[in-house]
Amino acid sequence: MMIPDDSSTRLARSTVPAANMEGTSNIKHNNLKLKLMRSLIRTLIGLSVLKMAYDAVQVQEKFQRGLRASSAHSTDESMILPAETARQRGDDEEPTADAQEISAATATTTRKKTPLSEIVRADEQVTCPHGLYPVQQIVNSTADMGRDRKIPRIIHMTGESKCLTEIFYNNTRKWSLDGHSFYFHDYQAKQQLLQRFWPEFPHIQIAYECLKNAGGAAVADLWRYLALWEYGGIYTDMDNEPGKLFHADAIDPDIDGFFLRSSVGLPSQYFFGISPKHPLMFLAVHDVLKEMLALADVGTFYVPGTTGPRCIRRAFLKFVSITNRGIDSATYNSYAYPEAGKFVGMLNRSVDIVGNDTTREQYVKTSSLHHAKKTDWKLMNHTDYYKLNKIPQHKTCLKLLLEQHLESIEQQEQ
Numbered sequence: 089m090m091i092p093d094d095s096s097t098r099l100a101r102s103t104v105p106a107a108n109m110e111g112t113s114n115i116k117h118n119n120l121k122l123k124l125m126r127s128l129i130r131t132l133i134g135l136s137v138l139k140m141a142y143d144a145v146q147v148q149e150k151f152q153r154g155l156r157a158s159s160a161h162s163t164d165e166s167m168i169l170p171a172e173t174a175r176q177r178g179d180d181e182e183p184t185a186d187a188q189e190i191s192a193a194t195a196t197t198t199r200k201k202t203p204l205s206e207i208v209r210a211d212e213q214v215t216c217p218h219g220l221y222p223v224q225q226i227v228n229s230t231a232d233m234g235r236d237r238k239i240p241r242i243i244h245m246t247g248e249s250k251c252l253t254e255i256f257y258n259n260t261r262k263w264s265l266d267g268h269s270f271y272f273h274d275y276q277a278k279q280q281l282l283q284r285f286w287p288e289f290p291h292i293q294i295a296y297e298c299l300k301n302a303g304g305a306a307v308a309d310l311w312r313y314l315a316l317w318e319y320g321g322i323y324t325d326m327d328n329e330p331g332k333l334f335h336a337d338a339i340d341p342d343i344d345g346f347f348l349r350s351s352v353g354l355p356s357q358y359f360f361g362i363s364p365k366h367p368l369m370f371l372a373v374h375d376v377l378k379e380m381l382a383l384a385d386v387g388t389f390y391v392p393g394t395t396g397p398r399c400i401r402r403a404f405l406k407f408v409s410i411t412n413r414g415i416d417s418a419t420y421n422s423y424a425y426p427e428a429g430k431f432v433g434m435l436n437r438s439v440d441i442v443g444n445d446t447t448r449e450q451y452v453k454t455s456s457l458h459h460a461k462k463t464d465w466k467l468m469n470h471t472d473y474y475k476l477n478k479i480p481q482h483k484t485c486l487k488l489l490l491e492q493h494l495e496s497i498e499q500q501e502q
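The sequence shown begins at 89 in my numbering and counts up by one.
Quick caveat, the hints were computed from the structure, so don't treat them as lab data. Idealized CB from N, CA, C, for every residue including glycine. Any given hint could turn out to be false.
Calculated cross-link-like contacts (lysine to any residue; reagent style SDA-like; alpha-carbon spacing at most 25 Å) [as the list claims (entries may be wrong)]:
hint, residue 1, residue 2
1, LYS262, MET233
2, LYS262, ILE226
3, LYS300, LYS462
4, LYS300, ARG413
5, LYS200, GLY219
Okay, the calculated beta carbon distance ranges per label pair [unchecked claim]:
hint, residue 1, residue 2, range
6, VAL352, VAL214, 23 to 29 Å
7, PRO222, SER456, 21 to 27 Å
8, GLY387, ALA424, 42 to 48 Å
9, SER455, ASP342, 28 to 34 Å
10, ARG413, GLU254, 48 to 54 Å
11, ALA424, LYS262, 31 to 37 Å
12, SER456, TYR420, 32 to 38 Å
13, GLN224, LYS332, 41 to 47 Å
With the hints as constraints, model all of the structure from the sequences given.
Right, here's the structure in full:
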């Protein structure tokens, strides 16, 4: 594991000329101290990684015991763990995710799903401050089961609070499509998924601990991949409005994944529909983890390129097994910036991309609420990502995890 030569490990080096024996001695002494300090840091990180690996085994065994016990008593097999308890090992190996792993994850994920109505607390009576309105959840049990179609008739939307300004409240009502459930996931609902232990994503708490410093947008990115992996359905940003081409029957029952071609030529991340346990979502979650571990600073990273639209592009390229090695640039770009069409990838699953520069906004309008953002986001506890005051942490993801881990050990010993 490489240790960055940053301000926390750098030692002052002498600039005394070599002819000065005392200066030369100081340089050698300082170099020796530098080597010893680096060795000590490597040892500490190594011990921390071993402890995290041990913790992962313990959590995995606890999870399996919980599954067996739950099965015996016919109770919910879902398991929600505190972030500190569920945090897994944090070594420098990039997680891999190929078709065999995805197939195994799909086959061995036997937990009973917590109903979405429970996740979002659909029966909760919400009282909002003056000028704000409680979002209306729509529960359709037939739609949730997703029978006779690959993508369930479920609309997912997220925000920090269930209390919305009038213009956003009215916009959510436009997504009340015939025969569909509509679930609005607030902060608490997102935590239900992010703090759960996932056997297929044992490093999920590592990713969450590192990305939460960048604000709600990064958290919402990871959450949507998890939610759509588990439940399937249709995700849309809360400032999108359905266009005339998107209606209750716009997605055919046999479509496995449904994306728009975005304005920059990528599969849309602001709106998409997908079936449960689709490889693309599996790959997206693992891509977030890989990107988190490579961060130079957990406080200032570029969210769209790390967890957002480019994450979907990287996952899509893995899904169709395309790399930029050994193929011509034209072929690579035809997948990196795909035109409308059907793409078959891992496990013979597929993704349909629709729309072009003319028809894209006829499916989903992305600009209808731009005039309201400046005044409304703040009232709903939202911060526009591009206006977020990003504070440098001067920490890589691994350094942050190491500090948290050692602090936890110190607290336990007190």
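Beta-carbon spacing of SER455 to ASP342 - inside the hinted bounds 28 to 34 Å or not: With a Cβ separation near 32 Å, SER455 and ASP342 satisfy 28 to 34 Å, so the hint holds.
Verdict for VAL352, VAL214 (Cβ pair) under range 23 to 29 Å: 37 Å, violated
Holds or violated: LYS200 to GLY219, with C-alpha atoms at most 25 Å apart: 39 Å, violated
Hint consistency between LYS300 and LYS462 [alpha-carbon to alpha-carbon, up to 25 Å]: Distance ~23 Å between LYS300 and LYS462 Cα, so the pair holds.
Range hint 42 to 48 Å (beta carbons of GLY387 and ALA424) holds or violated: 29 Å, violated
32 to 38 Å as the expected CB spacing between TYR420 and SER456, which holds or is violated: 35 Å, holds
Restraint check for LYS262 with ILE226, where alpha carbons must lie at most 25 Å apart: 12 Å, holds
Hint check for SER456 and PRO222 - Cβ pair distance inside 21 to 27 Å: 22 Å, holds
ARG413 paired with GLU254, Cβ distance criterion 48 to 54 Å: The hinted range 48 to 54 Å holds for ARG413 and GLU254, with Cβ atoms some 52 Å apart.
Holds or violated: LYS262 to MET233, with C-alpha atoms at most 25 Å apart: 23 Å, holds
Supplied distance hint 31 to 37 Å, evaluated on CB atoms of ALA424 and LYS262: Once the Cβ atoms are compared, 33 Å apart, the range 31 to 37 Å for LYS262 and ALA424 holds.
LYS300 paired with ARG413 [C-alpha distance capped at 25 Å]: 34 Å, violated
Hint compliance for this structure: hints 4, 5, 6, 8 and 13 are not met, and every other hint is.
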